Amino acid sequence: MNSSSSKLFILSTSFLLSISSITSNSVLDNFLQCLPIHSNTSNPITNSIYVPNNSSFQYLYELRANNLRTISSSTISKPLAILTARHASHVQAAVICAKIHSIQLRIRSGGHDYEGLSYVSDIPFVILDLFNLRSIKINITSETAWVQVGATTGELYYKIAEKSKVHGFPSGVCTTLGIGGHFTGGGYGNMIRKYGLSIDNVIDACLIDVNGTIHNRKSMGEDVFWAIRGGGGTSFGVILSWKIKLVHVPRKVTVFKVQRTLDQGATDIAYSCQHIAPKLPKYLFIRLQPEPITIGNGNKTIRVSFIGQFLGRSRKLMNLMNEEFPELRLQQNDCIEMSWVESTLFWAGFTNGTSIDVLLNRVVENKVFFKTKSDYYKNVIPKQGLVMLWEMLMDIGNIFVQLNPHGGRMDEISETETAVHQRGGYLFKVQYTVYWSESDGGIGAAKRYVEMSRRLYGAMAQYASSDPREAFLNYRDLDIGCNESNDTDFGVAEVYGTKYFNNNFMRLARVKAMVDPENFFKNEQSIPPLPSSH
Numbered sequence: 022m023n024s025s026s027s028k029l030f031i032l033s034t035s036f037l038l039s040i041s042s043i044t045s046n047s048v049l050d051n052f053l054q055c056l057p058i059h060s061n062t063s064n065p066i067t068n069s070i071y072v073p074n075n076s077s078f079q080y081l082y083e084l085r086a087n088n089l090r091t092i093s094s095s096t097i098s099k100p101l102a103i104l105t106a107r108h109a110s111h112v113q114a115a116v117i118c119a120k121i122h123s124i125q126l127r128i129r130s131g132g133h134d135y136e137g138l139s140y141v142s143d144i145p146f147v148i149l150d151l152f153n154l155r156s157i158k159i160n161i162t163s164e165t166a167w168v169q170v171g172a173t174t175g176e177l178y179y180k181i182a183e184k185s186k187v188h189g190f191p192s193g194v195c196t197t198l199g200i201g202g203h204f205t206g207g208g209y210g211n212m213i214r215k216y217g218l219s220i221d222n223v224i225d226a227c228l229i230d231v232n233g234t235i236h237n238r239k240s241m242g243e244d245v246f247w248a249i250r251g252g253g254g255t256s257f258g259v260i261l262s263w264k265i266k267l268v269h270v271p272r273k274v275t276v277f278k279v280q281r282t283l284d285q286g287a288t289d290i291a292y293s294c295q296h297i298a299p300k301l302p303k304y305l306f307i308r309l310q311p312e313p314i315t316i317g318n319g320n321k322t323i324r325v326s327f328i329g330q331f332l333g334r335s336r337k338l339m340n341l342m343n344e345e346f347p348e349l350r351l352q353q354n355d356c357i358e359m360s361w362v363e364s365t366l367f368w369a370g371f372t373n374g375t376s377i378d379v380l381l382n383r384v385v386e387n388k389v390f391f392k393t394k395s396d397y398y399k400n401v402i403p404k405q406g407l408v409m410l411w412e413m414l415m416d417i418g419n420i421f422v423q424l425n426p427h428g429g430r431m432d433e434i435s436e437t438e439t440a441v442h443q444r445g446g447y448l449f450k451v452q453y454t455v456y457w458s459e460s461d462g463g464i465g466a467a468k469r470y471v472e473m474s475r476r477l478y479g480a481m482a483q484y485a486s487s488d489p490r491e492a493f494l495n496y497r498d499l500d501i502g503c504n505e506s507n508d509t510d511f512g513v514a515e516v517y518g519t520k521y522f523n524n525n526f527m528r529l530a531r532v533k534a535m536v537d538p539e540n541f542f543k544n545e546q547s548i549p550p551l552p553s554s555h
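Counting the sequence shown from 1 gives a position; our numbering is that position plus 21.
In short, the hints are calculated from the structure, not lab data. Do not take every clue at face value.
[Unchecked claim] Mimicking DSS-like on lysine-lysine, the simulated pairs with C-alpha atoms at most 30 Å apart in a straight line are: (1) Lys-273 - Lys-303; (2) Lys-303 - Lys-184; (3) Lys-278 - Lys-303; (4) Lys-388 - Lys-321; (5) Lys-300 - Lys-404; (6) Lys-388 - Lys-99; (7) Lys-239 - Lys-184; (8) Lys-186 - Lys-404; (9) Lys-278 - Lys-337; (10) Lys-399 - Lys-278; (11) Lys-184 - Lys-266; (12) Lys-300 - Lys-266; (13) Lys-303 - Lys-404.
[Said to hold, decoys possible] Derived DEER-like restraints, expressed as beta-carbon distance ranges: (14) Ser-487 - Thr-67: 49 to 55 Å; (15) Gly-446 - Val-48: 46 to 52 Å; (16) Asp-500 - Glu-539: 24 to 30 Å.
Model, not experiment: these values are computed from the prediction. Note that beta-carbon positions come from the ideal geometry of N, C-alpha and C, so glycine has one too.
Construct all of the structure, not just a fragment, from the sequences and the given hints.
Put into structure tokens, the structure is as follows:
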């Protein structure tokens, strides 16, 4: 036995003795014993494994479980173990050993899956947590960066700003999003009209396949590279990192937030905004966000926020808005000029002047229970539809809605360029989020709030896209169709898959059959292998 083999034997033997005293599940024992054998001995995997008896287990489980609704039910199974990978070989070992011992893996980077599919399952499972794989390497000369999947959007923005004042990246508003899941679902942000989705600016990736082999874009092939950009990467393997193309931003951008209540003409302005926002120059983005509020006399009304970002100075913005959208009555004192990285704080809800160091906070604070649904719209919501929407929002109370315009660059990208189908011809994407806290009833109130969410969704069907009624994968919604945790029926998958990916679903299923024919990588809304009968 050589020295390295001897070292591995000693490490494995020590590990076997330690886990045998804290686990009684033979399948899990076999899985845990397998891990050191298939990982790099210079980066011991034993220090990255947590089982329920470990004092840190519950803390780690809940730390990146961001929807309290998904982890508070008494029917939810806890993971058998959490593997906090710190090296690529840890991920390889997890895949190889889980496959050998028939254990389901749930892959988590930031924990923002709206239905918790990265950290819950109805069958015994192990969480492969990638949050520690967070390296970000910026190359300003080539205007590119390699970003590991455990890094957050906030960390990416911060690292870019460290290197350049005239570069940025089009990605999400929330600054604690894990890059892994965010990109695989498309990656939506406020520069979408100028630069498209995050995935439209991804030029390479590092992926571990079902056999534990590491691939780059060339070795994985263009079909797989196409699929993981918007098709939900965890159906095809475990993504370790992305290579992105940085985009140009001016030294100063302008942001604004103008609010109007119903008494101030909010309905008419919102109706006009639907016509105007998708047709504005691509360097201007205006989000429409209605929410119910209580006014001084105790009555409810609707306040609509028109939240904008202009890639340029305020004087040019004012000229453009006076010409294109005078109904909003934007004033110079509504406009705030700042650097691009400072604008990421504005969108995340931080007060003006907050240090950009807050972008390095990696964990969600003040978590709530919530249920989100989404729509795509090809036509404007008529005024009577807006009035109906306002009434339902006031009835629900704890809800926010966001209408995000398309147009611009999105109209220029083919619906088959990536797995995300919704490109030209779509006016905007909508998110409806009902939320509540422990004081509102906690998990006991879930049924009532979820039902209100479904009632609103049903009422808006007459205005949304149809045949299919489409949805956004990053706003995951099990109501549109789902399989059992360990049983993927193709017919069921075709229903939700068509809603997320439209005509791209069948190509995703063909790619899946090529790279994971036995369907090892799966969850309740994963892509199944295309059956041979198709």
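Each hint tested on the structure:
| no. | hint | in the structure |
| --- | --- | --- |
| 1 | Lys-273 - Lys-303 | holds, 17 Å |
| 2 | Lys-303 - Lys-184 | holds, 26 Å |
| 3 | Lys-278 - Lys-303 | holds, 19 Å |
| 4 | Lys-388 - Lys-321 | holds, 26 Å |
| 5 | Lys-300 - Lys-404 | holds, 19 Å |
| 6 | Lys-388 - Lys-99 | holds, 19 Å |
| 7 | Lys-239 - Lys-184 | holds, 29 Å |
| 8 | Lys-186 - Lys-404 | violated, 42 Å |
| 9 | Lys-278 - Lys-337 | holds, 17 Å |
| 10 | Lys-399 - Lys-278 | holds, 25 Å |
| 11 | Lys-184 - Lys-266 | holds, 14 Å |
| 12 | Lys-300 - Lys-266 | holds, 26 Å |
| 13 | Lys-303 - Lys-404 | holds, 26 Å |
| 14 | Ser-487 - Thr-67: 49 to 55 Å | holds, 53 Å |
| 15 | Gly-446 - Val-48: 46 to 52 Å | holds, 49 Å |
| 16 | Asp-500 - Glu-539: 24 to 30 Å | holds, 29 Å |
Going through the hint list in order, the structure does not satisfy hint 8, though it satisfies all others.
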